[in-house]
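Undergrad: So the protein sequences, as listed, match chains Z and V. Everything in the first sequence is counted per this note's numbering, starting at 1 for the first residue and increasing by one. Everything in the second sequence is counted per this note's numbering, starting at 1 for the first residue and increasing by one.
Note that these hints are calculated values from the structure, not bench results. For clarity, every value in this text was computed on a predicted model and none was experimentally measured. Incorrect hints may appear among the rest.
Unchecked claim - Here's a subset of chain Z near chain V, in silico, CB distances under 10 Å, partners left out:
1. His20
2. Asp95
3. Gly99
4. Leu133
5. Ala343
6. Thr385
7. Ser389
8. Thr446
Unchecked claim - Subject to a maximum C-alpha distance of 25 Å in a straight line, what follows is the list of computed DSS-like cross-link-like pairs (lysine-lysine):
9. Z:Lys46 <-> V:Lys278
10. V:Lys458 <-> Z:Lys201
11. V:Lys458 <-> Z:Lys46
12. Z:Lys295 <-> Z:Lys201
As the list claims (entries may be wrong) - Distance ranges between label pairs, derived from CB positions:
13. Z:Arg130 <-> V:Ser118: 39 to 47 Å
14. V:Glu92 <-> Z:Glu126: 23 to 31 Å
15. V:Asp459 <-> Z:Asp143: 22 to 30 Å
Each residue gets a CB set at the ideal place from its N, CA and C atoms; glycine is no exception.
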Amino acid sequence: MSDQTLEEIAAFLLSEAKRHGASEADVVVVEGDSLSVGVRLGEIEKVQRSTARHLGLRAFAGKRSAITSSADFSRESLAHLAEDAVALAGVTAADDVSGLPDADQLASEIPDLDLYDPEISQLDAETATRWCLEAEAAAMDADDRITNSEGGEFGSGTHRVVYAASNGFQAGYRTSSCSLSAVPVATQDGTMERDYWYSAKRRLSEIESPAAIGARAAERALRRLGARQVGTAEVPVVFDPDMAASLVGHLAGAVSGHALYRGVSFLEGELGNKVMPDFVSIVDQGDIPGALGSKPFDGEGLATRRTPVIDRGVLSSYLFDTYSARKLASRSTGNASRSVGDAPGVSPTNLYLAAGDISPEDIIRSVSSGLYVTELMGFGVNPVTGDYSRGASGQWIENGELAYPVSEITIAGNLLEMFATIEAVGSDLEMRRSICSPTLKIAKMTVAGS
Amino acid sequence: MSDTNAGTLEPRQFFLDRFALSDGTLEDTIGNAIARKADFADLYFEFRSSESFSLEEGIVKKANKNISQGAGVRVVAGDKFGCAHTDEVSRETLRIATETARTIADSGGDNTGISVHSTAPRHDLYPLTHTPLEVALADKIELLNHIDIAARAYDPRITNVMASLGVEQKIILVVHSSGLVVGDVQPLIRLSITCIAEENGVRQQGTSGGGGRVEFSFVTEDDRYMKWLETAADQALRNLDAVDAPAGNMTVVLGPGWPGVLLHEAVGHGLEGDFNRKQTSAFSGRIGERVASELCTVVDDGTIANRRGSLNCDDEGTPTGRNVLIENGILRGYLQDRMNARLMGVEPTGNGRRESFGHAPMPRMTNTFMLAGDSLPEDIIKLVANGLYAANFGGGQVDITNGKFVFSATEAYLIENGRITRPVKGATLIGNGPDALTKISMVGNDLALDEGIGTCGKDGQSVPVGVGLPTIKIDGMTVGGTQS
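All chains should be modelled from the sequences, with the hints used to inform the complete structure.
TA: Below, the structure written as structure tokens:
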């Protein structure tokens, strides 16, 4: 069925599923093209192009369900896929709350959120290569101590998603994305430090300039030179925006309806409680035009929306898909995410911690002795207890100034306590990614070193 | 969905049939790929069929089946490569992909016709009577149900069990511009078990599991899955009583098996050929130098039968090998794919791997472990006045340029006066790759490989790997707890 539209393929699969006895079914079809170009030391290093398409069918036999997915779009294969899904559903256990969302929950309008830039599919590899070369050159030229490079890289992709379900929903949308990065290596006294900078957007015209990306990457690599360990101490810790975003990411995991009904969230039982200071608000918003985490409807056909998760310090909402909402006697917040090969889960859309009114410089100035974190490593977060322990590097703060670079240290605490003791929120929120934050200061954490 | 029989499957014929191609098409395509000024080119065909089942809250809620398939064309010229991937494979899409991939090479090559010849892989590391996909669905469901019942019966404080079983079969075919054609059929099973324990309002979880390139019966033989579920349950139960972990530099003893993730992060990634060719690794240019104590010999071995990290050939058709990385503390070699080996003037080591046809190959680990030493594990503990004993780990990460690496203990204990005492909460350990192994002062005689659930990520690509370690004593490493 290679010559048919994705909508026709989806409709065919739904009818086949019904013919084989499915009581309900839904289909996701995704197709996309991607381009990746890399340069290194002033020469092109790689050009990579892919085309991919995949579809997934979820079939229900009453309260039992199963999923089959495939990259083979031939008619025989699709018919087999439907038969297989229904048969597979028969071997699973009946799950009382399973099923598609009720029809009255479905998005009635599909907004155009400006998620697709047609220029991306027109882009030629030569132009992308030139940007990579410019970004890398800007990094290499920034300072004599930039001695090597892992290169400059550009990546872009366009996708089309169609979702159809037996409850009557059928819609699709296009998205695009692009990114440009540089990874220089700086050397001093025989030791090397590497860092990066990147810009990722839905539109080509919105990417930061190659020169700015290269210069920023060089600055980040240079400031790491001469890093040392510090002694073990309890001190204030300031997270730069990208690192602060990782804390918002841990929050996202803990407010997911799936983590909650499974009992693996450190925020279980905290709904309505004050878990952060008054001056902290965190919002999930899926309908921001042009944003990286936006989509016109979620993985089950519900409208995406604005959900305050932390409202002036109070945990005001969890994030749900239909299944987890039913488990916890609540309503979906339009946060169902759906990959072709798996049942819906919960994902944030654009999740951001709202900007405060203190400049990042003033936040650093407020610390007499502490850590400014610019990189975190490893997976040391326990989602059940919130216990937190990760590798870190950054700058040591002395008397309100960035004094010297530090590395080979860890920072540890508990996320509940860390959230409760946020002391300052920066004014520097930038929507660089789908989960983002301004600079954050945590009152006290254990820094372990020498 | 078409299942394929393990015993009779021949990858070349399989792909010719599946995509309606002929040997002539393979020869034309690889000939076109190498027609410009290129050093080599390859075609990679892949068909992956997988199933997964998951249980939670006492019932098997999910059953998924997936088929992915496609082809990749790669052209390598010096340190440049062009790659194109498609999941709709035909003579025409291969022609378009080849045109795209070869734009990286200058025109004017003088390569002429290539005739392809099939070669069987050198190894036969995972001959199976039945592929895991052929086992009846009911048997897989029953296994998960039994795990739930057994875990809850193990201790009344186990309040929830999450278990998932993934089985797959991947068929690959590599067509190299030398004319070499190599295929492989790669089975894989992975069982993961998470137990939640609860007591007096405290809740903890523990995770374990196992698998490999094995028959489904491997999981049930010798009650293996019971051992895994007890490990997961014990970890959750012990953590209920865990005290805060210490913070600062101290003596650390790592237990056997999965703590081998230390080697994977501290030295493994830093020894991958791409970083060393580009001289961006903390180990660049250090072959022949001391990078570990003389007690340490570290190998990467892709040839161990039935292991998760093992392969008959890598994704470039090179037979896997047993490669010595560190011998008695001296750095001996790097892990190579074809392109980086060529540029560094050495032989490929069978470490050229790719996540799928949609990704480009690069140097990756297989099963990475340290050889056993002479010490008895109990003697190692006895010699520690105060320190940390880490029995199990989650994931890790490394910055290969400055050598800093972390790995996170999920099960750890204090060592006090030569005895393992209280369990402590999970903590991240951080070290510096080029000197962490120089601080190893004792190596146990109890080498164990992990149980077969490891996955390694690099540059956005995930591949199955193994690790292993005997009990070792490290005289000084930073432990990232909260108790200073």
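Undergrad: If a hint holds in the structure, say so; if it does not, say that too.
TA: Verification of the supplied hints:
Below 10 Å, beta-carbon pairs count as interface contacts, and His20 of chain Z has none with chain V, the closest being about 14 Å; its hint is therefore violated. A cut of 10 Å between beta carbons decides the hint on Asp95 of chain Z: the least distance to chain V is about 5 Å, and the hint holds. Below 10 Å, beta-carbon pairs count as interface contacts, and Gly99 of chain Z has none with chain V, the closest being about 12 Å; its hint is therefore violated. At its closest, the beta carbon of Leu133 of chain Z sits 14 Å from a beta carbon of chain V; the interface hint therefore is violated under the 10 Å criterion.
For Ala343 of chain Z, the suggested interface contact is upheld, since its CB lies about 6 Å from the closest CB of chain V, less than 10 Å. Nearest Cβ of chain V to the Cβ of Thr385 of chain Z: about 7 Å, under the 10 Å cut. The hint holds. A distance limit of 10 Å between C-beta atoms decides the matter here; for Ser389 of chain Z the minimum to chain V is near 4 Å, and the interface restraint holds. Taking 10 Å as the C-beta cut-off, the interface hint given for Thr446 of chain Z holds, the closest approach to chain V being about 4 Å.
Restraint check for Lys46 of chain Z and Lys278 of chain V: satisfied, since their Cα atoms lie roughly 14 Å apart, inside the 25 Å limit. This hinted pair checks out: Lys458 of chain V and Lys201 of chain Z have alpha carbons roughly 23 Å apart, not beyond 25 Å. A C-alpha spacing of about 17 Å is found between Lys458 of chain V and Lys46 of chain Z, which places the hinted pair at or below 25 Å, so the restraint holds. A threshold of 25 Å between alpha carbons decides the hint, and for Lys295 of chain Z with Lys201 of chain Z the separation of about 14 Å falls inside it, so the pair holds.
Restraint check, Arg130 of chain Z to Ser118 of chain V: a C-beta distance of roughly 43 Å satisfies the suggested window 39 to 47 Å. The supplied range of 23 to 31 Å is met by Glu92 of chain V and Glu126 of chain Z, whose beta-carbon atoms lie about 25 Å from each other. For the pair Asp459 of chain V and Asp143 of chain Z, the supplied restraint of 22 to 30 Å holds, since their beta-carbon distance comes to about 26 Å.
The structure fails to meet hints 1, 3 and 4 from the earlier list, while all remaining hints are met.
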